[in-house]
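> Mind docking chain B on chain A? Use the hints.
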Amino acid sequence: MTAHAPRCPHDAEGTASAQAAVPMERESFRQAMAWVHTWAGLVLGWLLFSIFLTGTLSFFRSEFTRWMHPEWHGLPSTALLANGHQAADKALAALHRQAPGVTQWTLRLPDARDPTVTVLWRDKAHGGLETLHVNPQTGEAIPARETMGGDFFYRFHFELRTAAKGRWALEGRWVVGAAALMVLVALLSGIVTHRRFFKDFFTFRPGKGGQRAWLDAHNVSGVLVLPFYLMITFSGLMIFHTLYLPSGIATAYRGDKGVDTNAYLADLQGEKPERRARRGPSEPIDPLAPIALQPILQAATTRWEGGRIGGVQARRDAQGRVVVEVSRHAGDRLQYRPPRLLWDGTTGQWLEQADPASPAVTTYGVLHGLHMARFADIGLRWTLFGFGLLGSLMIATGLVLWSVKRSAKSHLQASRQGAEANIGKAPFGERLVAALNIATLAGLPLACGVYLASNRLIPLHAEGRADVELAWFFGAWGLALLWALASAMVRPSRMGWSVPLGAAALVWTLLPLINALTTHTHLGITLPAREWAWASMDLAFLATGVLLGWVSWRLLPGRAPRGQAAAAKLARTAPAAASPAAPCVSISTPGT
Amino acid sequence: MKTARVDVRYRLAIASRTVAAAAGGYALAASLAAALSLALAPGLSRVEAVLTATMLAWLAYAGAVAWAFYARTAWGAWGGTVLPAMALAAYATAPQWLASVGSAA
Numbered sequence: 094m095t096a097h098a099p100r101c102p103h104d105a106e107g108t109a110s111a112q113a114a115v116p117m118e119r120e121s122f123r124q125a126m127a128w129v130h131t132w133a134g135l136v137l138g139w140l141l142f143s144i145f146l147t148g149t150l151s152f153f154r155s156e157f158t159r160w161m162h163p164e165w166h167g168l169p170s171t172a173l174l175a176n177g178h179q180a181a182d183k184a185l186a187a188l189h190r191q192a193p194g195v196t197q198w199t200l201r202l203p204d205a206r207d208p209t210v211t212v213l214w215r216d217k218a219h220g221g222l223e224t225l226h227v228n229p230q231t232g233e234a235i236p237a238r239e240t241m242g243g244d245f246f247y248r249f250h251f252e253l254r255t256a257a258k259g260r261w262a263l264e265g266r267w268v269v270g271a272a273a274l275m276v277l278v279a280l281l282s283g284i285v286t287h288r289r290f291f292k293d294f295f296t297f298r299p300g301k302g303g304q305r306a307w308l309d310a311h312n313v314s315g316v317l318v319l320p321f322y323l324m325i326t327f328s329g330l331m332i333f334h335t336l337y338l339p340s341g342i343a344t345a346y347r348g349d350k351g352v353d354t355n356a357y358l359a360d361l362q363g364e365k366p367e368r369r370a371r372r373g374p375s376e377p378i379d380p381l382a383p384i385a386l387q388p389i390l391q392a393a394t395t396r397w398e399g400g401r402i403g404g405v406q407a408r409r410d411a412q413g414r415v416v417v418e419v420s421r422h423a424g425d426r427l428q429y430r431p432p433r434l435l436w437d438g439t440t441g442q443w444l445e446q447a448d449p450a451s452p453a454v455t456t457y458g459v460l461h462g463l464h465m466a467r468f469a470d471i472g473l474r475w476t477l478f479g480f481g482l483l484g485s486l487m488i489a490t491g492l493v494l495w496s497v498k499r500s501a502k503s504h505l506q507a508s509r510q511g512a513e514a515n516i517g518k519a520p521f522g523e524r525l526v527a528a529l530n531i532a533t534l535a536g537l538p539l540a541c542g543v544y545l546a547s548n549r550l551i552p553l554h555a556e557g558r559a560d561v562e563l564a565w566f567f568g569a570w571g572l573a574l575l576w577a578l579a580s581a582m583v584r585p586s587r588m589g590w591s592v593p594l595g596a597a598a599l600v601w602t603l604l605p606l607i608n609a610l611t612t613h614t615h616l617g618i619t620l621p622a623r624e625w626a627w628a629s630m631d632l633a634f635l636a637t638g639v640l641l642g643w644v645s646w647r648l649l650p651g652r653a654p655r656g657q658a659a660a661a662k663l664a665r666t667a668p669a670a671a672s673p674a675a676p677c678v679s680i681s682t683p684g685t
Numbered sequence: 103m104k105t106a107r108v109d110v111r112y113r114l115a116i117a118s119r120t121v122a123a124a125a126g127g128y129a130l131a132a133s134l135a136a137a138l139s140l141a142l143a144p145g146l147s148r149v150e151a152v153l154t155a156t157m158l159a160w161l162a163y164a165g166a167v168a169w170a171f172y173a174r175t176a177w178g179a180w181g182g183t184v185l186p187a188m189a190l191a192a193y194a195t196a197p198q199w200l201a202s203v204g205s206a207a
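Which chain is which? The protein sequence lines are A and B, in order. Just add 93 to wherever you are in the first sequence, counting from 1, and you've got the numbering used here. Just add 102 to wherever you are in the second sequence, counting from 1, and you've got the numbering used here.
In isolation and in its complexed conformation, chain A is listed as follows (with noise of 0.2 Å):
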């Protein structure tokens, strides 16, 4: 006997028991990829959902970085600074005064978003790159409180990370890597399943409520901006590919010692393999002596005409020669990276500009300038940042869609059975679906904005303070966590989703007051300052409470009558879902 996938999505058992009755058939195509689309969004929906939210977040991580850093506070804007490229001066002093051994160094300049100069460094005792931000007007390191700021939005997004200095980075890209392959699979699945795809663009009976409504949120919030989904995902998986599916690099580029990343990589890069960072933690390197960069600065800006410098990094090469590597700034054009100009760091001689041009590597750095949204004026990035909460909308609608139709499923066969007794209590599997949801769905928008709070409330000079910060993100979160498996499997209540929704809604709508109580950034005097770029982090965390709270309000146990109810609360009363028009209605097919 063959194993055909069922007919209808969200339905295993109701069409396995089909067959039985209806001559064996070979099924569609298309019923087929619905069965697909439905356990592939299911097994890893919550996963898909956090590195969807948490992506959508790091849209603005210098934003979040920034709001993190209120001692950054009446830093000049990039328009009041005098000279930028002094201020590389300045930075480059001070950091020869915290570490005269410093073997490599990046300076990323202030520019509308970053108002401090960014070092990077690393020297003999600091394997790994240290931070260090400095005031471009004084040339002094700012004393500024111990955050990863929106950089651990940024790396949740796409190694899971969770702690400041790097922990099982590696084994989390590969799990982001597998969900971001399920998404691949979930759009396209989900694309053959839509039957009336265009007509779903305009499809949405709220009225109608219970699993109508579901289907019709996930399919408009799915279809509306189907082109960016395939992009963030297909792009995304591409930007990992040396670690994900680097096979091609195996064949194509190996020599008599084995197989030749480095080259592949300059190759990608545009630039000469030899002039790359010498790697290899345990070789000893030579610190970099103190470079003129005035010069260099000018040379570049006369080379670009006028464009923005982005950041200098000053590195030995594999053969220990000193390489100046000038980078244009990333918002001057799409395609990431942006060209590079390098000097001899000795002699201060000119050799080339790394911008590779063709046309594979081309599309790759499109793709990846896509991704990573560095080209976007601030109008584009709120559109893709709405974009990405849509994407976190379809992923959430399908998760609580496939509860709903279960629910109403057991629903129906309870009450044909007479069974009255069972409709109370939904089967594990469905309980712990519906806890999972709860979880994640209402607990990670509660663990961010825990997250934020913590920045402002944790004692400034506390031990670990990067980490404690993510202990609170991750302790609110799992309380989440609890709080959905008693409610929802343990003690089934109908305040499963009200409250961590709730207390979501709570702490962010505190946030402006928490800030104005603990900082000098508040809206009272950015508001009046007019000191947008402060004022409207605190203006959108309110909103962000405002809207949460109205969630949370309409999930409230006897307010939305219809759909929602049977979303909040599995199994026992889903009156929408007595109506036996309502499963499959749009992926159906006749004969079923």
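By construction, these hints were calculated from the structure, which means they are not laboratory data. Computed from a predicted structure; not experimentally measured. Glycine included, C-beta positions come from ideal geometry on N, C-alpha and C. One or more hints might be untrue.
Said to hold, decoys possible - What follows is a list of derived Cβ distance ranges for each label pair:
(1) A:Pro-320 / B:Gln-198: 38 to 44 Å
(2) A:Arg-190 / B:Ala-196: 54 to 60 Å
(3) B:Thr-175 / A:Phe-333: 19 to 25 Å
(4) B:Leu-158 / A:Ile-618: 51 to 57 Å
(5) B:Pro-197 / A:Leu-213: 57 to 63 Å
(6) A:Gly-522 / B:Ala-196: 46 to 52 Å
Okay, now just chain B, sitting in the frame of chain A:
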């Protein structure tokens, strides 16, 4: 008529297809990336060949997953992913293999 019971064979077949989709699909994608990189490298530059092959390989993975759940039988799911993967892997590793045979002779 409405019994929700699912027999064990059905569950095993689904599990088998899932593994075929995940592992077989990856084998197909990896071997396609390797074979295509090798096949394209003489015409394009090496990096162009690798990138083109790798981008197409992801689509092959999605196709393999689709096939694994559409195939008539679970065995078909395995055959449709692993057999082409083995053929492509053989093509991709043939030069190395021939070189080692040649140097040994």
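> Would you mind marking each hint as holding or not holding in the structure?
Structure-based check of all given hints:
no.: 1; hint: A:Pro-320 / B:Gln-198: 38 to 44 Å; verdict: holds (40 Å)
no.: 2; hint: A:Arg-190 / B:Ala-196: 54 to 60 Å; verdict: holds (59 Å)
no.: 3; hint: B:Thr-175 / A:Phe-333: 19 to 25 Å; verdict: violated (35 Å)
no.: 4; hint: B:Leu-158 / A:Ile-618: 51 to 57 Å; verdict: holds (55 Å)
no.: 5; hint: B:Pro-197 / A:Leu-213: 57 to 63 Å; verdict: violated (41 Å)
no.: 6; hint: A:Gly-522 / B:Ala-196: 46 to 52 Å; verdict: holds (47 Å)
In summary, the numbered hints that this structure violates are 3, 5.
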